[in-house]
Amino acid sequence: MSATILVLDDNCDFLMNIELILEMEGYQVLSACNGLEALALLERTKPDLIISDIMMPEMDGYEFFQRVRRNPELLTVPFIFLSAKGEREDIRFGKQLGVDDYLTKPLEPEDLLIAVEARLGGTGALQR
Amino acid sequence: MAADKDRCWTRQLAALNTIAVTMSQSLELEHIIQVALAEIMRALEIEFGWVYLLEGERLALKCHIGLSDEFVNQNRELELAPWTTQKTLVRERLDEEPREIDEQSKREGIQARISIPLNKENFMGCLTLASRALDRFGASEVQFIETVGHQLSLAIENARLLASARGQENGLTRAYQQAGRYAKDLRQVFERERIQSSQLAALNAVIAAVSESLELNTILREALDKVMEVMRVEAGMVLLVNERGELIPVIHRGLPREMIETSPPMKIGEGLSGRVVQSGRPMVIDDISILEDVNSSRKEGFKAWVSVPLTAKDRVLGTLNISTREERSFSPQDVQLLGSIGSQLGVAIENARLYEAIEEYSRTLEEKVALRTRDLAEEKSKLDAILHNIADGLLVVDTRGRLILANPMAARMLGFKLEEAIGYEIEEALPLPMGNFLSNLVHQPGPASAVTLEIPDLAQINPARCWKQKNCQQTACPAYGKTEARCWFISGIRCSPTDLAAAAPSTSPSTGSAARPAKLLRTGSRNKPRLVPRKPSTKMQDWVQIDCPFYSGLPRLSIEARASTVEDERGEVLGTVIVMRDITALKEMDRLKTQFVSNVSHELRTPITIIKLTVSNLLQYYARLDDQKRTELLETVKRQADILHRLIENILTLSRLDAGKVFLRKAEFDLAAFCRTLLSEFALAAAEKHISLIDDGLQEGTTVWADQEQIGQVIRNLLSNALKFTSAGGKVTVTVRSRGEDEGLVEMQVSDTGSGISPRDQAHLFERFYRGEATARGIPGTGLGLAIVKEIIEEHGGSVSVESEVGVGSTFTVLLPAKKPEDTFQSL
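Protein chains in written order, with our numbering: chain A, 1 to 128; chain B, 129 to 956.
The hints are simulated quantities; they were obtained by calculation from the structure and are not laboratory data.
Just so we're clear, the structure is a prediction, and the values are computed from it rather than from any experiment.
Be careful, since some hints might not be right.
To be verified - 20 Å max Cα-Cα, derived SDA-like pairs, lysine to any residue:
#, chain 1, residue 1, chain 2, residue 2
1, A, Lys105, B, Val725
2, A, Lys85, B, Ala902
3, A, Lys105, B, Ile907
4, A, Lys85, B, Val728
5, A, Lys105, B, Lys918
6, B, Lys740, B, Lys757
7, B, Lys190, B, Met169
8, B, Lys766, A, Cys12
9, B, Lys852, A, Ala32
10, B, Lys794, B, Gly872
11, A, Lys105, B, Arg733
12, A, Lys105, B, Ser744
13, B, Lys757, A, Glu19
14, A, Lys85, B, Ser726
15, B, Lys740, A, Glu25
16, B, Lys817, A, Glu25
17, B, Lys918, B, Pro887
18, A, Lys85, B, Asn727
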């Protein structure tokens with residue numbers, strides 16, 4: 001059974017590409033266009049990794065992260081920010097919140113896969 | 129004895145006449161005095177005479193006849209002694225009461241002496257006559273001398289009058305008043321002394337009348353009455369030469385009115401008076417009938433006539449005529465007296481004319497002064513109005529650093545009260561540390577220097593909130609722990625620490641250039657140390673800007689203060705003018721532009737990133753992807769390329785609009801059908817966001833007269849906004865309908881059920897770069913779309929407006945002309 005990754009991004013075209021890469025590399029992908037949709041998915045499934053954008057209307061990535069961490073069941077799920085906010089302060093701020101990794105757009109697929117595998121620690125596609 | 133007396137009288141009259149003539153011909157005082165002295169001495173057969181005039185506190189010897197050089201040298205100046213200032217002093221026998229001055233006089237051989245004061249309103253000097261003979265000065269001599277004295281006084285006064293008239297216009301008015309007083313004095317003298325000689329009295333009366341008034345008609349009337357009375361004639365007249373050289377009767381007595389009114393103006397050389405004017409000599413006619421050209425008086429029965437010229441400074445101004453019906457032969461004495469009176473009247477006429485001219489001049493001058501005063505007052509009120517109403521704050525500081533002028537705008541900007549600040553040194557007058565900044569500015573040498581102050585906008589801050597925030601734990605705040613202190617940022621110092629740091633001495637010099645407003649103050653070694661504000665720590669600076677919630681929430685005002693030195697025309701420094709301009713809007717514009725650049729690069733990067741990623745995925749996984757997935761990816765590329773294209777179009781349109789290079793290629797097209805096409809472009813994006821696009825309200829066949837490409841950009845911008853701000857499950861509706869034939873307008877509306885726009889944002893919605901709350905909410909965009917919509921629609925002569933409610937949605941309404949206008953010029 002391959003690892004399940006939840007991806008959240010308000011840009012559907014971008015989301016579709018991430019989904020494609022991860023699927024092609026053998027992961028199960030759950031995708032959501034906004035925070036509420038993602039939270040609804042999390043009620044039914046516990047993924048092995050969460051990747052989220054930050055700048056989104058209605059619920060931004062910071063709020064989504066805090067909502068996720070408030071759920072004890074999801075406390076240990078690795079969380080990665082994938083954002084266009086690439087300034088040093090933004091990255092520092094994100095990491096201070098307690099996320100496991102911070103990726104920036106524009107994104108090289110290679111970087112995404114390395115980060116994902118690092119967090120999944122051998123339970124992912126490479127193991128297979 | 130009688131013959132002696134007659135001879136004596138004739139001499140005296142001749143002397144007076146000569147003096148009067150001299151006075152009328154010369155304005156040179158010393159000359160007049162010299163002549164008067166010589167004449168009086170000759171008339172009275174006296175050996176010595178001298179005149180002292182008052183110069184400051186001393187009497188100066190102005191003129192003397194018969195005195196030895198020794199006497200003159202010893203008495204060139206006299207102290208002002210009581211005896212010199214009083215009344216007439218007659219000393220018939222000096223040896224009876226010898227005094228020091230008398231010793232000297234006796235050495236000259238003087239036995240009898242008379243001194244009379246030259247008096248008008250004030251003592252002006254004295255006239256002294258002396259003789260080697262005893263008992264020389266009897267009552268008649270004294271009277272004569274006094275008359276001359278009065279004349280001399282008049283001459284002195286006239287000379288001074290002229291001097292003052294040349295300088296000051298009201299001198300004459302004073303002289304006029306003095307002359308009046310003088311005449312009164314004269315009359316009193318005559319009454320007191322009970323003059324024997326009625327002829328001399330007449331002359332004196334004429335002089336008195338002349339001195340009493342400067343009004344020409346009054347003078348002439350009084351003079352004529354006196355002359356007729358003395359001469360015992362029943363008729364008389366005064367004629368004056370006018371500017372056309374004609375003799376005009378001015379005053380007449382005892383002559384029938386018709387005689388005066390019917391006779392034509394007399395020419396010079398014609399008739400009695402004309403001949404007198406021409407010759408300048410008196411004429412005595414015992415029987416007028418000898419003159420063939422004089423008919424009127426013959427008809428009226430006048431027989432004997434005397435006509436004397438009225439002369440002043442060699443010019444004949446007119447004639448004084450007297451006449452009688454009696455058989456009469458006028459004596460040479462009569463003629464001589466009349467001649468004297470004529471000379472006196474000449475002077476009087478000249479004086480009166482001078483007075484009139486000066487009065488006129490004075491009146492004009494007064495009018496000019498009044499006018500100028502009014503101009504100045506107007507100028508000042510204009511300046512005040514300007515100072516009160518200009519949008520810039522203005523401070524004027526003198527060379528000692530004191531605030532001498534400030535306008536209400538300056539007070540409003542910096543938060544001080546005008547009445548509490550004017551007159552104080554600028555550091556004290558203005559709230560700290562503004563006073564320090566501006567004081568530094570004032571002390572800078574050089575033509576212009578500038579500083580930008582960023583201060584809380586006092587107009588928007590409630591003063592009640594200006595007290596120290598309760599429970600504020602910011603230890604770096606200078607107000608921390610001080611119970612009496614107000615919050616440092618607002619009322620204590622009212623300035624941001626950034627500016628404080630900017631004012632610190634370590635900063636580099638800056639010249640005030642408009643392009644880069646100097647935020648830094650120049651501080652030279654010339655500055656007194658106390659002018660330099662303390663430098664706060666950098667740490668505090670960081671803390672304040674980022675962390676202090678109170679401070680960061682304050683509305684700000686950016687003020688550019690610019691100082692320039694005021695110099696007068698000689699280059700002397702008078703002070704410094706500081707002009708303070710509110711550049712908040714410029715700063716905001718600057719900030720928006722910076723924000724725009726960052727937004728645009730983000731907006732450009734996003735589609736490019738996606739295109740790159742998609743293409744790289746296609747290449748990477750091409751073999752493993754089915755056809756459907758490949759198409760999907762290619763469509764993604766196309767969609768993102770469209771977004772990119774739209775964005776670049778927007779930017780280009782904006783710059784074309786700026787450059788005025790938008791040329792509308794207008795044509796009539798079906799707006800409803802066009803909208804339907806564009807809606808299909810957005811169908812996929814809407815479906816992905818689960819937003820329904822509703823096109824029921826598109827009234828087919830509704831045409832507009834517009835540039836289709838530009839209108840396409842408008843509709844795309846409105847649709848993409850509607851989709852962007854509407855969340856899943858929402859609706860976006862587009863309607864197009866005609867507003868009726870009358871109005872000739874087509875209305876298009878794009879409505880959404882999105883987040884809505886706050887009233888504050890609505891006000892600025894169509895401004896370039898303005899994004900309102902969208903920035904804070906993390907919604908991507910450039911702030912260009914609606915600005916372009918508005919500008920394009922307005923280019924078309926249409927309009928765009930918005931109605932919105934937060935949480936309910938927004939409706940954008942566009943109005944466009946339906947048809948090509950009748951006037952073909954407009955459609956070009």
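Hint check results:
no.	hint	result
1	A/Lys105 with B/Val725	holds, 18 Å
2	A/Lys85 with B/Ala902	holds, 16 Å
3	A/Lys105 with B/Ile907	holds, 16 Å
4	A/Lys85 with B/Val728	holds, 14 Å
5	A/Lys105 with B/Lys918	violated, 33 Å
6	B/Lys740 with B/Lys757	holds, 17 Å
7	B/Lys190 with B/Met169	holds, 16 Å
8	B/Lys766 with A/Cys12	holds, 14 Å
9	B/Lys852 with A/Ala32	holds, 17 Å
10	B/Lys794 with B/Gly872	holds, 16 Å
11	A/Lys105 with B/Arg733	holds, 9 Å
12	A/Lys105 with B/Ser744	holds, 15 Å
13	B/Lys757 with A/Glu19	holds, 12 Å
14	A/Lys85 with B/Ser726	holds, 11 Å
15	B/Lys740 with A/Glu25	holds, 19 Å
16	B/Lys817 with A/Glu25	violated, 27 Å
17	B/Lys918 with B/Pro887	holds, 18 Å
18	A/Lys85 with B/Asn727	holds, 12 Å
Hint compliance for this structure: hints 5, 16 are not met, and every other hint is.
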